[in-house]
Amino acid sequence: MSKIGNAIHEIHHMDLIAERDQWVNAIHPLIKFVITIVYIAVVVSFYKYDILGLAGMVLYPLAGFILADLSFKDSLKRLRIVLPLVCFIGIFNPFFDRIPVEILGIRMNAGVISMITLMMKGVFTVLASYLLIATTTIEKLCYAFRLLHVPKILVTQILLTYRYITVLLEEVNRVTQAYALRAPKQKGVHFKVWGSLTGQLLLRSMDRAGVVYESMLLRGYKGSFDYIGSKAKVRPQDIVYLLFWIAIFALCRKVPILVVVGNMVGGLFV
Amino acid sequence: MSHIHIDVQNVSFGYEKGKEILKDISFHGGENDAIGLVGANGVGKSTLLKLLVGLNTEYTGSIRVEEIPVEKDMLPQIREKIGYVFQDSDSQLFMSTAYQDIAFAPRNYGFPEEEVERRVQHALEMTGITHLKDKQIFKMSGGEKKLVSIATILSMTPDIILMDEPSIALDPRNRRNLIHILNSFDHLKIIASHDLDMILETCNRTILMADGKIICDGPTKEILTDKILLEENGLELPMCMQHPVIR
Amino acid sequence: MHMADALVAPAVAGTMYVCSAAAAAYSVKKVRLENDPKKIPVMGIMGAFVFAAQMINFTIPGTGSSGHLCGGMLLTALLGPYAGFLTMIGVLLIQCLLFADGGILALGCNIWNMAFYGCFLGALLIWKPMMKKGMSRGKIILASILGCVLTLQLGAFSVTVETLASGITALPFVTFVATMQPIHLAIGFVEGLITAAVLVFVYEARPEILFASETVKEEKARFSFKKTMVILAVAAVVIAGAMSLVASSNPDGLEWSIEKITGSTEVENEGSVYDTAEAIQETTAVLPDYAFKNSDSALGTSFSGIIGGLVVVGVCVGACYAFKFFKKKES
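Chains as they are written, first to last, in the numbering used here: chain A, 1 to 270; chain B, 1 to 247; chain C, 1 to 331.
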């Protein structure tokens, strides 16, 4: 499938799993958004050599994926965009940060550790965002943004963009396919038609915007409207869910949970 | 005379000066009229429909909807009475779910939320799509989108419905369904279409246009059976009246 | 160009969120003042257009590679700086949520690096002044290329500074900048050419939809320009202040790299290795029994960590399945 076809498929797929009738999906979007932001902030705040402390943060994505019935495989696809950049930045650490350290009897550069923690951070943060968007539809997230006092005009604009992304992706897909069929040996769009191909798409989109505007006008639009339909309330169990995770994050941040548990288990045998 | 009617008198219109798209159009539409607006591509059918809802107000002549002149200041009142179904459903439906989109107009007209809900439910029932209530627009088929488009205007309980090519891109079953829905709406409706068979089944009166002018205005069964008249104006007999040619 | 969450420290991310939010708030006010109801649908659909058009591969003549459209500059030329900026926020947010293209925490950085420079500077420093005395093909091409190059240069530089201030990379500042800037010069040039091609087409077909095609009242333009510069200056001070705070609390942040530029060139310098080693020691000393150290206990700690990891993960997975089992039974 083409890149654009993939993107359309991805949007439909994400929406499908975000709409499933499950209790994780039913948690208030604001709660899930806050947990995600806090989680990501805590993950990235770990010191660059604190590999064991950071490892404890695996708990949230692990638990979340199991509870929400999500496939790790699907989410790993999303890493393909993030990991190259993170690796590009991280790969230099072993060369520039050459303080010798010893782990499990192996001598290595401190840079290797910081590179690994950086990659772990990359993976954890992507998993956490995936967990959010795979259990929360864009409309619900936008409702959370409204509760956070993001201006109406911005939220409306985000939702309108979301509404028309699939429409325009399909249009772009048709145009590029029609182009490719008549230009079989080219990988992309030849520079002679850069302007006309994209420009025509742009003008058509502008016309479409004009029709959408007319459609709004004919139905009483006066300059602003509220896009949000379902207005969920925060339930007590949502608060419990929030406090539970915040407590776990705080614990993981303060105590190297894996080491502590390991010592306890070790103590049983010694 | 009943209160539901449209009067168009000597209307001419052009986007640029000297290039008139509509020339001296006059007709009257009454409460029980179902008018099919037919004509070849580019004769000005859509332009005429847009004038009726005031999307262009720089015309000459007079257009009155239930005695209200179609002028800038009067548009909110007029648009409360007329529902317009666009040719392209994707442009008409800009909200995320069917419910949101159907509720858009009643909310804009300031109805309380319970009334909005009642109206949406009624519109969904009239178009037989209660199961689509919370479905997202971008996941709908062309037929579903068309029905939702119609529901979006029915939620304002309009006196008059205008439609631009409603049956285009519908499969036979959806088209049949559309015809049923159109026939269940018994107020004034004007339908611009190339689907002459549909016009035949839904409209008792037909206006034939060519080159920006009304060529002929009369009972559908007379106009759409007049082979010579239709062919002179870039059309053909409806399919059901042609002898099938099977190769 | 999209920053990942892993590359920013919370303080840096927070600072950039504040700056982007300020620019967004100002834009919202401006767009509201314009009071053009048609703007909202146009912004929404143009956002979707940019999103879709950025997926088209444009072949770069003479090379095997392809370039993409620069959204910020294009939106600026169509909608003006404020509406363009808000539209870009929508595009970046959806890219980040749906495709993991840029992180949620790093969104503030991404908005600043891509949307702010492209829309505000692109419009106010380049597009508006150049188009003041009427448009032409040549001017549009030049403005597009200049705008995209400027946007990407500043964007790339900001990425460098944000990453270094976050203490993520051990890469020296100079090396980092020396890699980032030339790459993005080339990308900016290509993006500029593509954007120019599209805008020229629009100019020839429907010039009226380009921003500022009617001469804007000069006084008004100057007023908003001045105001933007003030905002920019304030933002610069806030960013610089926050960054220096981050840097001073973080021995490996900016200060470290600045030290690299100003003097100590040797990476293998005895002293610096000692300093950094001590810094590691200090942080790990807070929790004496954990993390690696160059001592006998290091082996034990790492071992505990691995055992603990297995146990914790096991318990977590078990607990989750149990929870799910009981939830199902309940319903």
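Bear in mind the hints are in silico, worked out from the structure with no lab data behind them. There may be inaccurate statements among the hints.
What the hints assert, rightly or not - What follows is a list of derived Cβ distance ranges for each label pair: (1) A:Leu181 x C:Ser66: 45 to 53 Å; (2) C:Gly14 x B:Pro112: 40 to 48 Å; (3) C:Glu208 x A:Ala26: 27 to 35 Å; (4) B:Arg118 x C:Ala205: 56 to 64 Å; (5) B:Glu125 x A:Tyr179: 52 to 60 Å; (6) C:Ala21 x B:His122: 41 to 49 Å; (7) C:Thr175 x A:Gln22: 47 to 55 Å.
As the list claims (entries may be wrong) - Calculated pairs, DSS-like style, for lysine-lysine (alpha carbon to alpha carbon, straight line, at most 25 Å): (8) B:Lys50 x A:Lys152; (9) B:Lys227 x A:Lys222; (10) B:Lys227 x B:Lys50; (11) A:Lys222 x B:Lys81; (12) A:Lys233 x B:Lys135; (13) C:Lys29 x C:Lys132; (14) B:Lys227 x B:Lys17; (15) B:Lys50 x A:Lys222; (16) B:Lys213 x B:Lys227; (17) C:Lys29 x A:Lys233; (18) C:Lys327 x B:Lys72; (19) B:Lys81 x C:Lys329; (20) C:Lys139 x C:Lys29; (21) B:Lys17 x B:Lys50; (22) A:Lys222 x C:Lys328; (23) B:Lys213 x A:Lys231; (24) A:Lys3 x A:Lys77.
No residue lacks a Cβ here, since even glycine has one placed at the ideal position from N, Cα and C.
Verification of the supplied hints:
1. A:Leu181 x C:Ser66: 45 to 53 Å: Violated, at about 18 Å.
2. C:Gly14 x B:Pro112: 40 to 48 Å: Given a distance of about 42 Å, which is inside 40 to 48 Å, the answer is holds.
3. C:Glu208 x A:Ala26: 27 to 35 Å: violated, 49 Å
4. B:Arg118 x C:Ala205: 56 to 64 Å: violated, 47 Å
5. B:Glu125 x A:Tyr179: 52 to 60 Å: violated, 45 Å
6. C:Ala21 x B:His122: 41 to 49 Å: With Cβ atoms ~43 Å apart, the hint holds.
7. C:Thr175 x A:Gln22: 47 to 55 Å: holds, 48 Å
8. B:Lys50 x A:Lys152: violated, 30 Å
9. B:Lys227 x A:Lys222: The given pair, whose Cα atoms are some 47 Å apart, is violated under the 25 Å limit.
10. B:Lys227 x B:Lys50: violated, 29 Å
11. A:Lys222 x B:Lys81: Holds, at roughly 17 Å.
12. A:Lys233 x B:Lys135: Satisfied, since the Cα-Cα distance of roughly 22 Å is no more than 25 Å.
13. C:Lys29 x C:Lys132: holds, 24 Å
14. B:Lys227 x B:Lys17: Between lysine 227 of chain B and lysine 17 of chain B the Cα gap is close to 35 Å, so the pair fails against 25 Å, i.e. violated.
15. B:Lys50 x A:Lys222: holds, 19 Å
16. B:Lys213 x B:Lys227: Status holds; Cα separation ~19 Å.
17. C:Lys29 x A:Lys233: Violated, at roughly 30 Å.
18. C:Lys327 x B:Lys72: violated, 59 Å
19. B:Lys81 x C:Lys329: violated, 53 Å
20. C:Lys139 x C:Lys29: violated, 30 Å
21. B:Lys17 x B:Lys50: The hint holds at about 18 Å.
22. A:Lys222 x C:Lys328: Measuring from Cα to Cα gives roughly 47 Å; hence the hint is violated.
23. B:Lys213 x A:Lys231: Between lysine 213 of chain B and lysine 231 of chain A the Cα gap is close to 51 Å, so the pair fails against 25 Å, i.e. violated.
24. A:Lys3 x A:Lys77: holds, 13 Å
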